[in-house]
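**Student:** This is what each chain is made of:
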Amino acid sequence: MKKQNEKILTILALIVLGILVYLAENNLDAYKLRILNLGAIYVTLAVSLNLIYGFTGQFSLGHAGFMAIGAYVTSLLVLPPYYKEMIYILEPLAWPFTVIHAPFIVALFLSGLFAAIAAFIIGLPVLRLKGDYLGIATLGFAEIIRIIANNIPRVTNGALGIKGIPEFTNLWWTVGVAIVTIYIIKGLIESSYGRALMAIRENEIAAEVIGVNLTYHKVMSFTISAFFAGVAGGLFACLLTTIDPKAFMFVMTFNILIVVVMGGLGSITGTVLAAFLFNFFLEYLRPIEAGFNIGPIKIPQVPGMRMVTFSALLLVVILYKQKGLLGGFEFSWKGFFQFINKLFKNKRSSEGSAM
Amino acid sequence: MSLNLFLQNVANGLSLGSLYALIAIGYTMVYGILRLINFAHGEIFMLAPYFLYFGVLIFHLPWWASIIVAIALTATTGMLSERIAYKPLRDAPRISVLISAIGVSFFLQNLAIVVFSGIPKSVHRPEFFTRLYQFGEIRIQSTLFASIIVSSIFLTLLLYVVYRTKTGLAMRAISTDIETSRLMAVDVNRAVSITFIIGSALAAVGGILWGLRFPQLFPTMGMIPGLKAFIAAVVGGIGNIPGAMLGGLILGMTEILFVAFLPAVSGYRDAFVFLILILILLFKPDGILGKKVQEKV
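Same order as they appear, the protein sequences are chains V and A.
Going by the numbering used here, 332 is the number at position 332 of the first sequence; the sequence numbering is gapless.
Going by the numbering used here, 126 is the number at position 126 of the second sequence; the sequence numbering is gapless.
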């Protein structure tokens, strides 16, 4: 398959995806759209975590913190100033935030930028740590970010959180951002930078010996990863329309980590699949909680049953699919056509044997 | 700050610290043996006071019997969680086991919501546990003594088991090299099960003391103490049992004294704890008592 043809196929696939998004936006109800939107936001979050963890091998548990930064930056920028004055009841809003106002796209970009700056400052000292130590240190930083958000009511409205954020997020935004994220991160991985990152993952000392600048590459990967987490945080805020510090506890990071591992470490295709499956299952298990009938047996309503089933499912999947749903499998057009060819060949040969 | 107030705070810090120490042991032992951050440990901790509460309230057990039953049930839950969710993954990538631990944590927490309901329950404490003792100007609740004394007893017992018995020897052998221990005919599964039983039982003791000290139970109550106890284990040097005890005490002390000396910024208490953790990791990555592990090429 020529590169040229692959490009055309990719563009065609994007057009088909565009049509699907158009149809979904116009035909589905708000509830289904929200699930799809969450799925797409999780794609952005998980693919960006996959960059630092799956491809660079640096165990980062700080994603919820970077999301929080993005969510607050976006909220403060897109809310009209008169409205902001109204909702800050505990303490009045501090100065620059009372006047600033920006369109959604600018807000999203700045969300990413601030998250990236935070990641740069944190990453420079912390990325020297290895393995679980790095994980627990980044988790600590994410919690510090959340606690700060809880304690500066003049900026974040404290524990009350920000309500009434305009609902700018729709499928065009979430799917668009997810595609841009995948495009950029895939491009990065396939470049010489990506080779360096994977070298660090496989063996840090060996990578250093062949001349890979460890600090530079780790911090770069961490910063880019945080950038997209920040953007996703902004989308998240404008999807839910209300945020508070509790939404960004470390459980949020765990959810993203589950998606990454379930999809298969270092596989973007798997991550995308797992992100949507995760959100579908979380929502479509709701009937279990509401109570239902199996023949004559009546199951009463039990709050919490949904998450019990969900976590049991999660355990079953991880016990039987230890390397995630797709392992290291990655989608490519070449593999796709080989698969189709094989399908037809099998058909032909089986037809042949039947005659 | 007057000397009396300071001493009062030190006493509070000691008792909180001894609770953290009890929970931290479970983290550090499991990490030492399986290299696994057992995120479900906080939930194990949460179960114990619930078991106690229901033992007294529904089954009308006397307090002492209910406490024993609660510890036994919690230890069994801990062991079963290992058998079901971690044992099949012994040769899997480490991250899969971690995800499994997160799954167990979600599962237990939500099971608690289903079985015990999400509405916070207040524990009715017998008079014995709320009695106040007066030492000059300092007032000390009996639970505070209980937590310090009980944890000292259990921690001494633990040190005996780990450093003076054959089972303890097996545990230490496995934590050094699991493969070689297997070759030396160490029953790895048995030792791991015992580790989980001991860790969970200590967490149960911690949980019960916690429930008597802060008498309100809710299904997510294990999350933050669990995380802090894990931090205590890392601060002391993860995998190191005396380290976990020291880390717990340092953490409890720091928390109480931070609020006592800087009441204006008490909201940042937990942030301060995390900051200490990060600073210790940066300057002494193996913790206070941890041994430096040379990386092999």
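These are calculated hints, taken from the structure and not from any lab test.
Some hints could be false.
Stated by the list, open to error - 27 Å max Cα-Cα, derived DSS-like pairs, lysine-lysine:
1. 291(A) / 130(V)
2. 32(V) / 342(V)
3. 163(V) / 7(V)
4. 323(V) / 3(V)
5. 334(V) / 323(V)
6. 284(A) / 166(A)
7. 130(V) / 87(A)
8. 246(V) / 121(A)
9. 321(V) / 3(V)
10. 342(V) / 7(V)
11. 87(A) / 321(V)
12. 321(V) / 334(V)
13. 246(V) / 3(V)
14. 298(V) / 163(V)
15. 130(V) / 284(A)
16. 186(V) / 323(V)
17. 323(V) / 166(A)
18. 298(V) / 345(V)
Said to hold, decoys possible - What the simulated footprint calls covered on chain V by chain A, stretch by stretch (three residues with Cβ under 8 Å from a Cβ of chain A suffice, anywhere in the stretch; the number is not a length):
19. 63-76
20. 140-151
21. 212-222
22. 315-322
To be verified - Here are some chain A residues pointing at chain V (derived, C-beta under 7 Å):
23. 85
24. 100
25. 260
26. 261
27. 262
28. 278
All of these numbers come straight from a predicted model, not from anything done at the bench.
Glycine is no exception: its CB is placed at the ideal position from the N, C-alpha and C atoms.
**Student:** Are the hints correct? Go through all of them and say.
**Tutor:** Cross-check of the supplied hints:
Pair hint residue 291(A) plus residue 130(V) holds up; C-alpha atoms about 15 Å apart against a cutoff of 27 Å. For the hint linking residue 32(V) to residue 342(V), the alpha-carbon distance of about 36 Å lies beyond 27 Å, and the restraint is violated. Taken as a hint, the residue 163(V) and residue 7(V) pair is broken in the structure, with Cα atoms around 43 Å apart against an allowance of 27 Å. Restraint check for residue 323(V) and residue 3(V): the C-alpha separation of about 31 Å exceeds 27 Å, so the hint is violated.
A distance of roughly 24 Å separates the Cα atoms of residue 334(V) and residue 323(V); the hinted pair therefore holds under the 27 Å criterion. Of the supplied pair hints, the one linking residue 284(A) and residue 166(A) is violated, its CA atoms being roughly 32 Å apart against a limit of 27 Å. Proposed proximity of residue 130(V) and residue 87(A) is supported: the alpha carbons are some 25 Å apart, at most 27 Å. With a C-alpha separation of about 22 Å, the suggested pairing of residue 246(V) with residue 121(A) holds against the 27 Å cut-off.
The suggested pairing of residue 321(V) with residue 3(V) is violated, with an alpha-carbon distance near 34 Å, which exceeds 27 Å. A hinted pair counts as satisfied when its Cα atoms are at most 27 Å apart, and residue 342(V) with residue 7(V) qualifies at roughly 23 Å. A C-alpha spacing of about 15 Å is found between residue 87(A) and residue 321(V), which places the hinted pair at or below 27 Å, so the restraint holds. A hinted pair counts as satisfied when its Cα atoms are at most 27 Å apart, and residue 321(V) with residue 334(V) qualifies at roughly 26 Å.
For a cut-off of 27 Å, the pair hint linking residue 246(V) to residue 3(V) is broken: about 47 Å separates their Cα positions. Only pairs whose Cα atoms come within 27 Å are accepted, and residue 298(V) paired with residue 163(V) is rejected, the gap being roughly 39 Å. Restraint check for residue 130(V) and residue 284(A): the C-alpha separation of about 13 Å stays at or below 27 Å, so the hint holds. The hinted pair formed by residue 186(V) and residue 323(V) meets the criterion: a straight-line CA distance of about 21 Å does not exceed 27 Å.
A C-alpha spacing of about 36 Å is found between residue 323(V) and residue 166(A), which places the hinted pair above 27 Å, so the restraint is violated. For the proposed pair residue 298(V) and residue 345(V), the alpha carbon gap of about 50 Å is over 27 Å, so the pair is violated. A count of 0 residues in the segment 63-76 of chain V with a Cβ less than 8 Å from any Cβ of chain A is obtained; the coverage claim is therefore unmet, three being the minimum. Only residues whose beta carbon comes within less than 8 Å of a beta carbon in chain A count, and the segment 140-151 of chain V has 8; three or more means the coverage holds.
Counting residues of the segment 212-222 of chain V whose CB lies closer than 8 Å to any CB of chain A gives 0, so the stated coverage by that chain is violated, three being the minimum. Here the segment 315-322 of chain V counts 4 residues with a CB under 8 Å from a CB of chain A, which clears the bar of 3, and the coverage holds. At its closest, the beta carbon of residue 85(A) sits 6 Å from a beta carbon of chain V; the interface hint therefore holds under the 7 Å criterion. A cut of 7 Å between beta carbons decides the hint on residue 100(A): the least distance to chain V is about 5 Å, and the hint holds.
Violation of the interface hint for residue 260(A) is found here, the shortest Cβ-Cβ separation to chain V being roughly 18 Å, above the 7 Å cut-off. Annotation: interface hint on residue 261(A) violated; nearest CB of chain V at approximately 17 Å, more than 7 Å. Below 7 Å, beta-carbon pairs count as interface contacts, and residue 262(A) has none with chain V, the closest being about 13 Å; its hint is therefore violated. Taken as an interface hint, residue 278(A) checks out: its beta carbon lies about 5 Å from the nearest beta carbon of chain V, inside 7 Å.
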